[in-house]
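Protein sequence lines correspond, in order, to chains F, G, L and W.
So the first sequence is numbered by this note's numbering: it starts at 12 and just counts up by one.
So the second sequence is numbered by this note's numbering: it starts at 12 and just counts up by one.
So the third sequence is numbered by this note's numbering: it starts at 12 and just counts up by one.
So the fourth sequence is numbered by this note's numbering: it starts at 12 and just counts up by one.
It is worth saying that the hints were derived from the structure and are not from the lab.
Some hints could be false.
In this list, chains with the same sequence are indistinguishable; a pair is considered to hold if it fits within one copy or across any two.
[Stated by the list, open to error] Cut-off 25 Å, straight-line C-alpha distance, at most; resulting in silico cross-link-like pairs (SDA-like, lysine to any residue): (1) Lys66 <-> Glu401; (2) Lys395 <-> Pro65; (3) Lys373 <-> Leu151; (4) Lys145 <-> Glu31; (5) Lys421 <-> His377; (6) Lys421 <-> Val234; (7) Lys411 <-> Pro27; (8) Lys41 <-> Asp225; (9) Lys223 <-> Ala137; (10) Lys23 <-> Leu419; (11) Lys129 <-> Leu230; (12) Lys44 <-> Thr97; (13) Lys371 <-> Ser432; (14) Lys148 <-> Val52; (15) Lys34 <-> Asp289; (16) Lys40 <-> Leu28; (17) Lys40 <-> Ile226; (18) Lys188 <-> Glu199; (19) Lys395 <-> Val52; (20) Lys40 <-> Glu344; (21) Lys34 <-> Glu351; (22) Lys434 <-> Ala110; (23) Lys44 <-> Leu151.
Number of protein chains: 4
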Amino acid sequence: MSKKLWGGRFAKGTDPLVEEFTKSIQYDKKLAKYDVLGSLVHIQVLKSAGLLSPKDFTTLNNGLKSILNNIQLGNPIVHNEEDIHTFIQNVLQKSVGPAALKLHTARSRNDQVVFSVKLYCKDMLAEAGVEIIKLEKAFLGLAAKYADVILPGFTHLQHAQPVYLKDYLGAYVEMLKRDNQRLQDIKETISLTMGSGALAGTPVPAAKYSVKIDIPELLEIGVEKISAPANSLDTVSDRDFVIEIISALAILGMHLSRLAEDLVLWASQEFDFVEIDDAFCTGSSLMPQKKNPDVLELVRGNCGRLYGNLVSVLAMMKGLPLAYNRDMQLDKEPLFDSFELVSIELKVLSGLVRTLSFNKAKIEEHLKDESLYATDLVYYLVGKGVAFKEAHTIVGNLVKYSLEHDILIKSLPEKTIRQFSEKLVKQQIVKLFDARVSVKGKRSIKRRN
Amino acid sequence: MSKKLWGGRFAKGTDPLVEEFTKSIQYDKKLAKYDVLGSLVHIQVLKSAGLLSPKDFTTLNNGLKSILNNIQLGNPIVHNEEDIHTFIQNVLQKSVGPAALKLHTARSRNDQVVFSVKLYCKDMLAEAGVEIIKLEKAFLGLAAKYADVILPGFTHLQHAQPVYLKDYLGAYVEMLKRDNQRLQDIKETISLTMGSGALAGTPVPAAKYSVKIDIPELLEIGVEKISAPANSLDTVSDRDFVIEIISALAILGMHLSRLAEDLVLWASQEFDFVEIDDAFCTGSSLMPQKKNPDVLELVRGNCGRLYGNLVSVLAMMKGLPLAYNRDMQLDKEPLFDSFELVSIELKVLSGLVRTLSFNKAKIEEHLKDESLYATDLVYYLVGKGVAFKEAHTIVGNLVKYSLEHDILIKSLPEKTIRQFSEKLVKQQIVKLFDARVSVKGKRSIKRRN
Amino acid sequence: MSKKLWGGRFAKGTDPLVEEFTKSIQYDKKLAKYDVLGSLVHIQVLKSAGLLSPKDFTTLNNGLKSILNNIQLGNPIVHNEEDIHTFIQNVLQKSVGPAALKLHTARSRNDQVVFSVKLYCKDMLAEAGVEIIKLEKAFLGLAAKYADVILPGFTHLQHAQPVYLKDYLGAYVEMLKRDNQRLQDIKETISLTMGSGALAGTPVPAAKYSVKIDIPELLEIGVEKISAPANSLDTVSDRDFVIEIISALAILGMHLSRLAEDLVLWASQEFDFVEIDDAFCTGSSLMPQKKNPDVLELVRGNCGRLYGNLVSVLAMMKGLPLAYNRDMQLDKEPLFDSFELVSIELKVLSGLVRTLSFNKAKIEEHLKDESLYATDLVYYLVGKGVAFKEAHTIVGNLVKYSLEHDILIKSLPEKTIRQFSEKLVKQQIVKLFDARVSVKGKRSIKRRN
Amino acid sequence: MSKKLWGGRFAKGTDPLVEEFTKSIQYDKKLAKYDVLGSLVHIQVLKSAGLLSPKDFTTLNNGLKSILNNIQLGNPIVHNEEDIHTFIQNVLQKSVGPAALKLHTARSRNDQVVFSVKLYCKDMLAEAGVEIIKLEKAFLGLAAKYADVILPGFTHLQHAQPVYLKDYLGAYVEMLKRDNQRLQDIKETISLTMGSGALAGTPVPAAKYSVKIDIPELLEIGVEKISAPANSLDTVSDRDFVIEIISALAILGMHLSRLAEDLVLWASQEFDFVEIDDAFCTGSSLMPQKKNPDVLELVRGNCGRLYGNLVSVLAMMKGLPLAYNRDMQLDKEPLFDSFELVSIELKVLSGLVRTLSFNKAKIEEHLKDESLYATDLVYYLVGKGVAFKEAHTIVGNLVKYSLEHDILIKSLPEKTIRQFSEKLVKQQIVKLFDARVSVKGKRSIKRRN
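The task is simple: from the sequences and hints, build the whole structure.
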């Protein structure tokens with residue numbers, strides 16, 4: 012009897028290079044736990060459908076639970092099988108004997124693999140949620156610590172208007188909240204079914220697949236019931252959930268790349284807004300003075316990899332005829348990679364963000380830039396009845412004058428200022444060149460916290 | 012006074028090539044309607060905040076409504092302005108005079124553009140939903156028309172098991188249902204805010220932005236209220252909603268590419284399962300006999316373009332520091348293009364699917380392939396108490412024998428069949444080589460309809 | 012007679028939506044000139060093969076030349092034909108009558124289109140080369156103007172070592188040189204053939220296709236001869252040259268995005284290394300002081316679009332069976348877009364680079380950062396016989412001490428310095444903290460200029 | 012002393028998660044051989060520059076050669092170092108003592124890594140060339156074996172015209188030839204330099220870097236000399252060669268995906284043109300009859316992965332400021348992965364192609380389709396003086412008539428045929444419905460072989 016789950020019809024063995032090329036156990040071993048959990052449910056279906064005797068059920072149930080236990084203990088998985096499903100089948104066969112030959116009754120690997128991957132996804136999505144919340148907390152802690160710090164806000168990387176550092180950090184919290192919502196929404200939409208067979212369904216009646224779950228490991232992942240599929244051809248050939256997840260992780264990675272860019276800029280000698288803790292930097296083999304923000308650079312660069320994973324699966328799925336095609340096996344490595352990459356990035360960034368140290372003095376210096384308050388001057392004129400667009404032009408001219416003559420507006424004589432508009436009262440406007448006044452004047456935000 | 016919305020500070024005019032390179036009106040004119048709708052809300056805020064007199068409000072309101080009317084009448088938009096927002100500002104100024112100078116009080120283009128694009132998206136998402144449902148109906152109509160047709164189901168593009176054509180078509184309905192759900196979910200998460208300013212908020216109190224909408228065109232798009240932002244830096248620099256939409260449209264495009272592939276295969280002389288109506292085919296300039304499935308090929312190929320649009324925006328957003336950067340203007344063309352591409356594809360496919368004509372006789376012929384029933388033989392043996400994996404091997408050997416000797420299993424002598432397993436009763440198994448029997452034996456599907 | 016190049020066999024007209032969906036004239040009209048040039052060659056082949064009488068040849072030749080003339084005069088192309096090839100055929104027919112019906116003898120649109128696109132590419136590649144060289148010159152001019160300027164060189168966006176500004180700018184010249192080489196190499200590999208027919212070749216003998224070109228417009232593009240194809244199936248279904256070009260343009264766009272990033276950073280208030288000319292900046296509708304580097308941001312962002320175009324064509328080509336499929340029509344828009352985008356970027360950057368104004372005083376200030384010279388201290392110690400890695404550690408410790416005590420190394424007492432290594436002679440090392448000394452000490456570069 | 016190549020300046024150890032996140036030895040160990048080869052050259056430079064005594068040179072040379080030997084013997088590399096370069100440095104230090112501390116004199120990891128990767132690329136490019144040629148030979152062998160087989164040629168996956176199978180296979184040979192040319196051209200353009208330092212060059216004079224190579228392992232890779240860089244900032248921050256290679260491998264992967272698609276189609280029961288050897292197929296765990304073309308499906312699907320790798324590196328490089336940034340470390344995994352994927356695909360396809368078995372009888376049947384000869388009818392009419400476009404219409408009408416009346420053209424009465432054109436002589440045209448006649452009539456191809 013062949014050690015593969017198939018083989019009877021074949022007159023000839025598989026070419027060794029083909030075995031190497033087609034095997035997937037080196038990565039799908041990550042599905043071990045989920046495959047066994049699926050099998051534990053499947054044998055319940057078989058028993059209730061009368062396709063498995065109570066005795067055989069008990070044998071398989073015990074055998075599978077023992078394998079599950081071994082997996083959870085971290086026992087190594089040997090790589091010389093075709094895939095993890097074959098590996099588990101063979102281990103089971105060795106441990107419980109002929110009963111194992113009944114495990115795959117009315118079941119196809121196509122359906123089995125989709126079930127395992129969906130379980131894996133639900134588990135990892137929950138985990139990602141936990142890590143995202145930790146990073147949110149790191150931001151909120153930092154924001155609280157520096158609650159009164161105001162810094163120059165940038166658009167086009169040019170000084171725009173003063174903003175609270177806490178709002179700056181809060182922008183990242185907003186992004187993370189959306190990321191988490193997106194991931195948890197996907198988790199909810201992933202529905203677990205059995206009974207699709209290879210593509211055509213199975214002889215087991217649909218009702219038998221409506222299993223109420225009592226396996227603790229499944230309940231923990233939030234799986235309380237499974238059911239029969241609405242369309243078996245769709246079920247075995249659908250990878251939407253994989254793409255949705257990889258896409259959501261790519262967006263998350265994009266957010267982290269923006270954070271990385273901001274911090275790399277802020278940690279430069281020219282900005283000098285922030286100091287990254289030594290524990291999160293590395294040095295240079297040539298230049299002894301270097302303290303490099305490598306973690307942030309890798310986070311920024313890995314964004315490309317998360318995009319690449321998305322393209323990889325999208326391109327793979329393009330134009331595949333129904334139903335299952337082997338190409339679809341290639342969804343796993345990009346999926347696993349995106350999950351793992353994001354997971355370590357969230358963890359390492361939580362530590363890095365928590366230990367950031369802001370250079371208040373240096374930031375304060377940059378707030379002296381008068382151009383940061385130009386918009387407040389406009390609002391001042393609007394308050395005095397000048398039409399907005401006119402006010403914009405008046406202040407624009409005043410700024411130009413100040414730059415061309417290299418004199419601060421504050422230092423211009425009252426008379427000069429009045430030339431731009433009779434409504435500009437020097438005594439009043441000099442008070443506007445103050446970051447605290449500026450941020451307090453912005454009353455349009457409904458902060459969450 | 013400059014015709015641009017900015018300019019006061021500049022000592023020098025813009026280089027003509029720069030104007031050409033930076034202008035966006037050639038594509039953002041699609042936002043005209045939404046920009047005016049945003050302005051109609053904005054002036055309500057200004058009025059209630061005391062920044063606009065009732066008289067000015069009325070002037071602007073009438074002016075804007077008249078522009079809206081012109082847009083809806085399809086009056087052309089001239090391309091020599093920088094962008095659609097400037098165009099509308101200038102038209103308004105020409106029509107209502109100085110009051111127009113107050114339109115942009117406490118408002119930044121950054122916020123204005125995001126608002127317009129979000130409105131556009133909500134509108135287009137609703138429209139896409141309508142088109143998706145039409146295509147679903149085309150599939151369901153076709154499924155009903157050919158309700159009794161069974162065809163060879165494929166995995167790996169090899170004959171697998173017989174399936175109902177209606178289930179095959181139903182798989183596409185499932186995909187479309189997910190697509191629509193995904194798009195409408197995004198529509199719900201897009202929240203409309205005002206008051207972010209360029210990045211720092213505005214002097215208008217948050218409460219003033221809680222506007223209850225009574226503008227018919229907005230209510231039609233499903234916008235009933237707007238509010239102040241939770242974080243203004245995030246609001247002006249967030250393009251998640253654009254990426255989510257382009258990603259969901261890419262998934263939809265991928266589904267359509269699979270449909271296209273299936274139909275291109277089925278319309279080949281070798282398959283000959285289906286005839287595509289002449290109205291949906293084109294010919295060859297050289298080969299007079301050709302009737303080519305161009306529509307389907309373009310649908311398949313455009314999937315690449317939808318992917319490209321996604322990569323375009325993802326790459327553009329990577330590593331951008333907060334808050335707004337001009338790069339973000341480049342989200343629009345890919346967004347518009349994906350929406351429009353999917354829209355015409357859905358429309359043209361509805362017609363194509365509705366007029367498909369299946370070649371029952373040819374399909375029936377392919378159902379004679381005995382290998383389609385091998386799994387049913389396995390189930391037969393399992394029903395007689397043979398362990399699944401053993402049954403799989405027995406039938407595998409039987410199939411191999413039949414192929415090698417080039418004799419149908421049906422035609423093998425009872426004795427020969429029994430050599431593979433004593434449990435194989437010829438009289439019984441010959442009845443299994445019947446597509447109707449096969450599909451009826453699959454009881455695990457809980458069809459929606 | 013149908014106005015399409017095909018149609019005879021069709022019982023039914025094309026659905027209007029299908030016409031809209033499949034037509035390409037709105038973009039392939041860019042091929043007008045190249046299509047006519049191809050036809051001018053094709054009729055030479057036909058004549059020499061005896062498939063066209065001298066009289067018909069003259070008629071067609073004159074008709075085509077007159078069309079070519081019209082195109083070069085910029086006469087508008089009407090959009091209501093299927094594609095540019097049909098348009099030209101119809102114009103010709105109207106102008107020269109029945110002889111036009113012989114134009115497509117032994118010719119397929121598949122072959123015709125490939126020929127036209129290849130011609131277009133050769134023309135555009137030459138043009139891109141000219142623009143690249145102009146940008147190189149802008150860099151070299153700037154480098155010459157600021158030949159003596161030294162600035163802090165960065166790795167990881169941290170101060171690393173002083174470098175000449177001319178070498179910094181020179182790095183971009185190197186990139187551009189590679190870009191140009193890459194593009195011109197592709198130009199050389201594009202070989203022009205005729206005679207592939209739709210996929211199977213034509214009855215015209217191969218030798219007849221060895222045409223020596225005497226059409227001035229073709230000679231100008233560098234086309235001196237064409238020949239018969241080595242494999243006709245390959246010729247009509249090959250789009251490698253399109254992908255190679257789009258890929259090379261994506262790399263070029265990536266280089267420009269790096270330049271844009273550098274200049275955006277340098278133009279920030281925090282760096283303040285450079286001033287971008289007003290003519291290449293834009294302002295803000297809200298903040299009157301803003302002078303934003305929009306051109307650079309758009310160049311940076313468009314890099315995403317160039318990547319998207321590449322993905323678009325790659326994904327489109329994936330898994331297409333031989334030979335020609337209509338999907339391939341979708342190579343044109345991304346190709347045209349990438350060429351045009353890069354073209355305007357090169358032009359606008361030439362102007363921007365040429366007018367950059369460096370802020371020598373501010374740059375000089377940053378050169379005071381002692382850490383820039385740490386590597387020179389290491390080399391100093393190596394020169395005194397200390398092993399490199401040991402020297403690296405010594406200087407690392409010295410830098411740490413200086414930072415922790417917030418004292419410049421220069422200002423440390425001799426005694427303190429000696430504690431790190433007896434070989435550190437204060438009098439000697441203070442001379443190392445000098446940018447000119449540092450750059451002159453680097454003798455390993457073999458500059459081109 | 013720190014075990015890292017840097018560390019002196021740091022007050023605090025690295026966070027363990029950061030070590031895990033930043034380490035690269037798990038993949039860059041593939042560079043081990045190339046790193047040592049680079050060091051063997053580097054110490055020659057140091058010696059000739061007087062920075063290494065003859066004794067130290069000998070010590071290091073012997074130490075490095077012994078490490079090289081160990082690597083070539085396949086001795087395992089332990090993963091607990093930061094990267095392969097640190098690993099080798101530490102092994103060397105353990106084996107030769109203090110002399111090892113001088114290895115990195117005037118050398119930066121930035122330069123060292125680029126050198127190693129370039130060497131790796133040159134080696135792998137040569138290897139890929141060998142594998143490509145093997146696959147070409149497999150095609151040529153197959154073409155020779157079936158030299159007389161003619162099959163229906165397809166465009167739009169519709170019967171177009173008969174073509175030789177050898178030309179069909181030859182199209183893939185053409186693609187592979189272009190692929191190989193592209194890869195070997197890149198190999199030639201990769202120039203090896205030393206002396207860039209971290210970004211600013213080194214104190215070693217440029218002339219000292221003009222090393223003539225006598226190390227056998229380098230000569231084998233085709234490296235005969237190295238030289239000083241023209242621009243050191245460019246050298247350490249240039250990854251063009253990586254992108255060019257990944258792009259060329261993506262194009263190659265695209266070609267293979269097309270081959271895979273063709274063979275998957277041809278191996279379907281509907282086409283039945285070809286039988287794939289059992290050794291290159293796999294089976295189904297549920298359906299015992301299945302013989303699936305998994306190898307081909309994985310080749311097709313991996314095309315997506317090759318695209319993903321390209322996007323990964325392109326996106327990573329976008330917008331990086333000069334010079335080196337740590338993001339660039341992330342070029343390696345996609346590069347290695349693309350090389351390895353293509354390598355195994357080429358190998359496994361060589362075996363698969365060589366053992367393909369064509370089903371001549373079935374193919375012959377499909378050649379009976381009269382529509383394949385419609386173009387020949389057109390040429391026949393053209394030969395009789397009918398204008399091409401007119402002939403096209405006549406034959407189109409004839410085909411339509413034949414289809415509508417479900418009668419072969421061959422079987423139509425002479426009279427009926429003449430109604431379409433007086434020039435159609437039945438006796439003559441019936442001879443045209445012959446694949447051999449058809450392919451022989453195509454004289455426009457100048458085959459290579």
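Requested in this report: Indicate which option fits the pair Lys371, Ser432 if close means a Cα-Cα distance not exceeding 25 Å: within, between, both or neither.
Outcome: Neither: 36 Å inside a copy, 36 Å across copies.
Report task. Using 25 Å as the alpha carbon limit, work out where Lys34 and Glu351 are close: within a copy, between copies, both or neither. Result -> Both ways: Lys34 and Glu351 sit 21 Å apart in one copy and 15 Å across, limit 25 Å.
Query raised in the report: How would you label the pair Lys395, Val52 (within, between, both, or neither) given a Cα cut-off of 25 Å?
Result: between (74 Å within a copy, 23 Å between copies)
Requested in this report: Evaluate Lys44 and Thr97 at a C-alpha cut-off of 25 Å and name the case that applies: within, between, both or neither.
Outcome: Within one copy only: 14 Å inside a chain, 37 Å across chains, cut-off 25 Å.
**Report entry** Status of Glu401 relative to Lys66 across identical chains (alpha carbons, at most 25 Å)
**Finding:** Only across copies: Lys66 and Glu401 sit 19 Å apart there, 88 Å inside one copy, limit 25 Å.
**Report entry** Intra- versus inter-subunit Cα pairing at 25 Å for Lys411 with Pro27
**Finding:** between (75 Å within a copy, 22 Å between copies)
Query raised in the report: Are the CA atoms of Lys188 and Glu199 at most 25 Å apart within a copy, between copies, both, or neither?
Result: Result: close both inside a copy and across copies, 16 Å intra and 16 Å inter.
**Report entry** Copy assignment of Lys44 with Leu151, given that the CA separation must stay at most 25 Å
**Finding:** Classified as neither: same-chain Cα gap 36 Å, cross-chain 39 Å, threshold 25 Å.
Query raised in the report: What label fits Lys129 with Leu230 when the C-alpha limit is 25 Å: within, between, both, or neither?
Result: For Lys129 and Leu230, only the intra-copy Cα distance (14 Å) is at most 25 Å; the inter-copy one is 39 Å.
Report task. Go through the copies and call it for Lys40 and Leu28: within, between, both or neither, with a Cα cutoff of 25 Å. Result -> both (20 Å within a copy, 24 Å between copies)
**Report entry** Identical-chain pair category, Lys421 with His377, by Cα at 25 Å
**Finding:** Only inside one copy: Lys421 and His377 sit 16 Å apart there, 28 Å across copies, limit 25 Å.
**Report entry** Intra- versus inter-subunit Cα pairing at 25 Å for Lys148 with Val52
**Finding:** neither (38 Å within a copy, 36 Å between copies)
Checked against the numbered hints given earlier, the structure breaks hints 6, 13, 14, 23 and satisfies all the rest.
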